[in-house]
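Enquirer: For reference, the chains in residue letters:
Number of protein chains: 8
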Amino acid sequence: MDREALARILQQVRTEAVSVEQALSMLLPAEVDLGFAHLDLDRRPRTGLPEVVYGEGKTGPQITAILRALHEAGEVAVATRVDATLAAEVCVALPGVTHHAVARVLVWLPEGRHPEPSDAPVAVVCAGTSDLPVAEEAAVVLEAFGLPVHRVRDVGVAGLHRLMPHVETLRACRAVVVVAGMEGALPSVVAGLVGRPVVAVPTSVGYGAAFGGIAPLLGMLNACAPGVSVVNIDNGFGAASVAALIAGIPTWNG
Amino acid sequence: MDREALARILQQVRTEAVSVEQALSMLLPAEVDLGFAHLDLDRRPRTGLPEVVYGEGKTGPQITAILRALHEAGEVAVATRVDATLAAEVCVALPGVTHHAVARVLVWLPEGRHPEPSDAPVAVVCAGTSDLPVAEEAAVVLEAFGLPVHRVRDVGVAGLHRLMPHVETLRACRAVVVVAGMEGALPSVVAGLVGRPVVAVPTSVGYGAAFGGIAPLLGMLNACAPGVSVVNIDNGFGAASVAALIAGIPTWNG
Amino acid sequence: MDREALARILQQVRTEAVSVEQALSMLLPAEVDLGFAHLDLDRRPRTGLPEVVYGEGKTGPQITAILRALHEAGEVAVATRVDATLAAEVCVALPGVTHHAVARVLVWLPEGRHPEPSDAPVAVVCAGTSDLPVAEEAAVVLEAFGLPVHRVRDVGVAGLHRLMPHVETLRACRAVVVVAGMEGALPSVVAGLVGRPVVAVPTSVGYGAAFGGIAPLLGMLNACAPGVSVVNIDNGFGAASVAALIAGIPTWNG
Amino acid sequence: MDREALARILQQVRTEAVSVEQALSMLLPAEVDLGFAHLDLDRRPRTGLPEVVYGEGKTGPQITAILRALHEAGEVAVATRVDATLAAEVCVALPGVTHHAVARVLVWLPEGRHPEPSDAPVAVVCAGTSDLPVAEEAAVVLEAFGLPVHRVRDVGVAGLHRLMPHVETLRACRAVVVVAGMEGALPSVVAGLVGRPVVAVPTSVGYGAAFGGIAPLLGMLNACAPGVSVVNIDNGFGAASVAALIAGIPTWNG
Amino acid sequence: MDREALARILQQVRTEAVSVEQALSMLLPAEVDLGFAHLDLDRRPRTGLPEVVYGEGKTGPQITAILRALHEAGEVAVATRVDATLAAEVCVALPGVTHHAVARVLVWLPEGRHPEPSDAPVAVVCAGTSDLPVAEEAAVVLEAFGLPVHRVRDVGVAGLHRLMPHVETLRACRAVVVVAGMEGALPSVVAGLVGRPVVAVPTSVGYGAAFGGIAPLLGMLNACAPGVSVVNIDNGFGAASVAALIAGIPTWNG
Amino acid sequence: MDREALARILQQVRTEAVSVEQALSMLLPAEVDLGFAHLDLDRRPRTGLPEVVYGEGKTGPQITAILRALHEAGEVAVATRVDATLAAEVCVALPGVTHHAVARVLVWLPEGRHPEPSDAPVAVVCAGTSDLPVAEEAAVVLEAFGLPVHRVRDVGVAGLHRLMPHVETLRACRAVVVVAGMEGALPSVVAGLVGRPVVAVPTSVGYGAAFGGIAPLLGMLNACAPGVSVVNIDNGFGAASVAALIAGIPTWNG
Amino acid sequence: MDREALARILQQVRTEAVSVEQALSMLLPAEVDLGFAHLDLDRRPRTGLPEVVYGEGKTGPQITAILRALHEAGEVAVATRVDATLAAEVCVALPGVTHHAVARVLVWLPEGRHPEPSDAPVAVVCAGTSDLPVAEEAAVVLEAFGLPVHRVRDVGVAGLHRLMPHVETLRACRAVVVVAGMEGALPSVVAGLVGRPVVAVPTSVGYGAAFGGIAPLLGMLNACAPGVSVVNIDNGFGAASVAALIAGIPTWNG
Amino acid sequence: MDREALARILQQVRTEAVSVEQALSMLLPAEVDLGFAHLDLDRRPRTGLPEVVYGEGKTGPQITAILRALHEAGEVAVATRVDATLAAEVCVALPGVTHHAVARVLVWLPEGRHPEPSDAPVAVVCAGTSDLPVAEEAAVVLEAFGLPVHRVRDVGVAGLHRLMPHVETLRACRAVVVVAGMEGALPSVVAGLVGRPVVAVPTSVGYGAAFGGIAPLLGMLNACAPGVSVVNIDNGFGAASVAALIAGIPTWNG
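Protein chains in written order, with the working numbering: chain A, 1 to 254; chain B, 1001 to 1254; chain C, 2001 to 2254; chain D, 3001 to 3254; chain E, 4001 to 4254; chain F, 5001 to 5254; chain G, 6001 to 6254; chain H, 7001 to 7254.
Honestly, the hints are just simulated from the structure, not real lab data. All of these numbers come straight from a predicted model, not from anything done at the bench. C-beta atoms are modelled at their ideal positions from N, C-alpha and C, and glycine is treated no differently. Where hints are given, some of them may not hold.
Stated by the list, open to error - Quick list of simulated restraints, FRET-style, between CB atoms:
(1) E:4101 - A:95: 29 to 35 Å
(2) G:6248 - H:7074: 55 to 61 Å
(3) F:5102 - H:7084: 23 to 29 Å
(4) C:2117 - D:3254: 33 to 39 Å
(5) D:3088 - B:1056: 44 to 50 Å
Looking at chain A on its own, in the form it has when it is part of the complex (with noise of 0.2 Å):
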């Protein structure tokens, strides 16, 4: 908070146009506590993104927890990394729940409420087939966000001609998210083809000197072209954060 802001809170403060306690919760952020974590619901007036739950080492318990308090508060309800028998658990306790199963990805969207239609789709693009788990925890989340996403897939550089005729469909995206194991060359190819911000996501696909991932974050890094970012080996949720806000989410009226 800026100088200004806050010496008008104290001027009306002091004026008592408003109370302390309703000062207090201009200063304060709010939270719901519990117990095993502090649930941050004002992440989205501050960040623009609602909280989403990382499944990985949580119980079903615990993450059915989360979804309800997130549910209650009206907000999408969002869990990553959440395998098959943990999905079914959560899935049981809370009936509204879709699990997908490539993206490993749990959904509970708000009742009644419906997100404005965008202009700005975000496009993922994968390139070999096991890099789909992450592309589609991309795409996934992007969607629960409630933005239109455009799946590309199979498109390598080994074969650049499986890229071409999709050209004009990712020119017309807001965004490209683009999925790459090996040497992660299709961020670079991508950038230099389309006029969009093109963010990269390494997978550990491969094996031997890809080291877990390694081998395609440095060439992502590295790439030639202009206009790619990078995010975490296999981060296919950070990269649809990255992407939402560059597209904007658009607001959920209802």
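Here the structure of chain A is known, so what remains is to put chains B, C, D, E, F, G and H in place on it, guided by the hints.
Expert: Relative to chain A, chains B, C, D, E, F, G and H alone:
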């Protein structure tokens, strides 16, 4: 080019609506061959970004020749990584060129042309004074592209109170470039406060276990706040390109 | 496609020597879309190598579907990295397929077609018994491509006298694949004795400071004898592809 | 030497068909001892490649002495990694020697001898202008070995349309050396278009996370297109040696 | 032992003020030999810290034997890295022992003895819920040493407002242990707000470029705020030891 | 600031016990803006440590300006990493400043003020003579903060008898800074003998597999004796800061 | 074989003092081909060390066959890295074989043969109890070679007083194998106290920044005391081989 | 010192057979304090090796003072890593000192003293001419210790026939130091041919993926022939120390 567009052109060739020569120029991109380099004048229509000269390892006459060719084509002519000595050599040959010393960038604006006013400013946030050259490279390139820039300096995480007064300014921007060395924690903090895409630039500032920028690079890739993507170490130009594609480069008229 | 070839096709379209449809099939490559993958049947005419299935991470039905499509197109159908369980599943569905257990490779030769005899054999040299699976992957793939293979085994540099009797055989080959783990010195020694291109494959055999194949990889990249090039750790298939392109894949008739 | 060849020589010794001295010269290789180095004149018959001097760290007189000894033995005399100052020193002493400045290579062709015409040209493809010294090292060494060379320059993956016009030329070559820095994606793209063995050379060009060539090295080792093998960072000479053994070094007559 | 102390003992031997046996026990440390281990009962007088058992790789009977020996010597008996199965085995044999499940620590307090009240509390701050086991290892060990502990949880840098309400509590402590994974930025932020020595513990929480804790380790070593020192990845016990030496372990009476 | 403190200030504003301006100065920290840097005068009350200038990369006039501002605010003014040439420039401008040549530290003590006597000395132990500059940086900074320092030199683990005479001295200190390169074993040995917190500083001394300090850094992080924490390679200042917070910086009176 | 020895044999062939067959057996080494491996019976005369079987990755029948062949040739038959299950399988087939469980080594002494008494014992020093398997691998192999072994256990650098009583024993040995994990400082300390060659073995014991043995490996390579050389991580057998060659393997008679 | 020896001295003190002063000199080691360094004159009786000066980073006067002190104590005085300029400075001050230029070693033999003849020569084998400085450092130090040295040069694995004539010489030595860069394969080959302990020294010779000696270091640690141990990169002195302890340093008489 996709199947439909290609079929359309072939049909026009068949009906002689376009000549073979015209079809060739539609199917093949235009270049200027300077002998030592192929100048890619087609880059802006194709990728949204004008070609920018990477000055490191090039001679004064080479930089001069490329800037002149870009200028004659009516483009904004920019060269990065140009130190004072080299810059002096170029500026004598091309009096219209300006050298931004801290940023080590040469800029030659096209005469009589101006960008249309943009309502999508970009912020360039810099953690420490040693990170300034990288931050200025980003800022100067963004301004050369015609975008308004807000600079925020010396706001490292060791004294977070220095960042707080700027939060509203950052929220008013379309994208935030964050430049930091050492542990590279600033992008996480900014992304946790501001609902805008953060383009993080690790710098090679620091010593010992900073390992020439590996420490902040890893820190930024592992940023715990969503909305952060990363470019190469010290790559201010790369961050500017990504931010410019996010904000949208204004049309230059005149 | 270069300017001249493109101009020629356009001219033929104009003169109606070829139809628009024919021109499109000349300008765009052929693919089979299996839903979960695009099969690149154009690969052999374009790159000299038939498409080979990388089995890791694929299901039995997926491998079965791709092998069947390749076989129906008259191609040699090969899948690598297929373990015994998965292989049994595929072989039940496709009785013509053979599983090479040590190599973990499935091969389905086209019926009624045979490669023309080749006078360009390839040697596959293996340092230790633990490197055998990688060496066999290379040997089986080469044989599936129709090339004669000479296998030389257990000739590590700790007992060089074991290599010496094979030198004349190696000199008679067109290319030498050398597979080794630990310090990876065998390719240097072979290249110092034999005037043939050596394709070196580091293996992940070893422990401690072998670091999963980094030690032999670095050793091979720094080979002090000229004539050595290197493929990825454990990449027997990759070495076979390089050696096949060096020796020349024979035409299959019938 | 294998058992049979050895038995044959021993038999000839026993029957006095050859003397003990002759047998010794058949069993032991010939060398020239220059004091500071053993010159391996037996290398070409044994390995197909003439000995080439690695100039780095050697003095002018040392390089001069080795080149003279090779020349007197009728060989092509070549020294790599020789900068302008050192080259001047050698060229004054040996007026027949030519210095290729960009490649930093000294060449002294044997007088009155010429290679037989070769129908197996080698292509040397270079991604960016900064990679040129490494590419030229490869090209000049190949020409000194008597092989025809096709040079293709400045065709990085950020503008793939620049590569396309050269595809037919590359297909007509026997081997393709591809030199690239940054993300090192060009070999994959070339191997996906051209049915020839690709010898990939990563360069130390780039900054930050290029890590002196590690990024393109890993990219090339993980190339998703088969047919790519890799040599050490900046090792143009090594790539030339591999490509020459693939194409076959022509006999020099005269 | 320095020269003066040694001379004093020798003088006492000479004057028969102490016997040779007594001198030996003054010059040599006491140990308990358990066959499989030497128990270092002299450690607390020498280093201020009691011996603590590192449980990983030890069997139930071994841990039981060591804890019993420590307990019989009147010491606090503590074992770390003991999972539930192993703990059950020990607790059956030694009913006085308590297992702290999240911390994976066994504690057996000496009967009838209590630490003197300490006015030097230690804070244990934890960035995320996944870091909790490491933080609890630190907290439980500190409490076993007799020190008061303040726990602060789930205050990662992505939502700094959650940390702010705890600043006064942290300032009131004598040392602050900060446990964090991912980019490891929390110690810098804490040290910039609180005038106390910060002992930073990187955790192996995270994925991809977190590299099992390397990312937060480097981040903490490069902390831009002074006052931060670092222990090994996941080493909660190590941090507790450092913090206990800073705060001063209270005397146990009784 | 926590909820209660904030509520208290707001209440005082409401009751007009404090003015809005006063409240603002209580809620926002004080800074001096030097144009090129924000001087954080609030750092000592907030963090217990005065601001210290990191000299590397700064110009003489910049260092001079910051030292003068600190001095005028009554602070101890210290700058680290200042070599002889730069120091001379500053000392001419500010005659009160002393340059410690081995430590490369500038110190300007406030006139007429002295620290209260401290009974908490800090030891600085140095393994080899090459580690001396880093050890002296730590020692000089500690003395500038007003703490008594005991220096112990040249006591590497290759001759442990040299360390033994100093053990009693080390035990009498409040904290022990241990500076070592090569294998970095000295902190473990010291912590095994002395019951005090050991702040370990790896140095970049050594060659080959010392890797610029990585070897001692890893050694210290894996110290088998509890009570050791580690700061960045060559970071003498960092170790001094940690040790000063442990020992407690004395109040300066006058 | 050098020139003189070769000339001598050839001369003998010429004068028919030896037959061609005899000459061949003098010029070529003897091997036993087991199908899956070449057994190198010539190894002990050539290298001083008998062939030892590396058990990892081999099947029970393979190990059985090799041990039997070695035993039948009158050799000490040893296999390392053999766990309990595999050992049981071999011991049923070969009742004369002993399994050393901690060392995971199989030994089959030749019947009726004994080593001549050696006056060159070897010490095997072990830092912690977790390092014991590696230390025992070294000790058991040395004893199988016929050398006397002194074991010293649990003498890590955190309690140096435990090492001191063993110094005279170590000085009486011909070589000292030192096995340690974590920071790997023990070899330096031993070499600083004992005038014997120290063969250091880093172990993969430890966690976090021990990086599977990299930390002690680097520590040992950077040992500040001369007289230390290093073998691979966990390579107890390798250390035994080096120590045996230093001490001299005794002749076995009978 | 063990319990018995200590008890014996204490008994002698008690019976006044030795004075307290005498007992102190028996219990504490002797040193010479040069102000900037502690000279460890006790090192040869304790460790078998005389103290050797590491010249890097020391000044001429410092080296001069240490060499003089060693010489006055009757020792062989040796300093390593001394370049020509520094050597000249020392040799002017100490005319008895010899500088070995390639080895960069200073030697001052004690006057009137000679080593007893040794029958335990050491071989120093060098792979390439660029490795010569490191090999010579080893050879010169060994000679200064009084050991006979056999030098074998320029016998890299690319031409193994050059090594063969030296095998008998190597077998006649007591230890073999092998110095190599690039892939570091020579120690494996030597150990496979010669029954002597091989002390391997990796050098920083090479470029690209040699990574300043990491490639040969890893190669040597993974040597597939037993009998190889390794010292630090470029550490010729370290190898000499190990080899000298293996061969036994002769007594110097006179």
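Enquirer: Now tell me if each hint is right for this structure.
Expert: Evaluated hints:
Distance hint for residue 4101 of chain E and residue 95 of chain A: a CB-CB separation of about 32 Å, consistent with the stated range 29 to 35 Å. The hinted range of 55 to 61 Å is not satisfied by residue 6248 of chain G and residue 7074 of chain H, whose Cβ atoms lie roughly 32 Å apart. Evaluation of the 23 to 29 Å hint for residue 5102 of chain F and residue 7084 of chain H yields a pass: the beta carbon distance comes to about 27 Å. Distance hint for residue 2117 of chain C and residue 3254 of chain D: a CB-CB separation of about 36 Å, consistent with the stated range 33 to 39 Å.
Hint check: residue 3088 of chain D to residue 1056 of chain B, Cβ distance near 27 Å, so the stated range 44 to 50 Å is violated.
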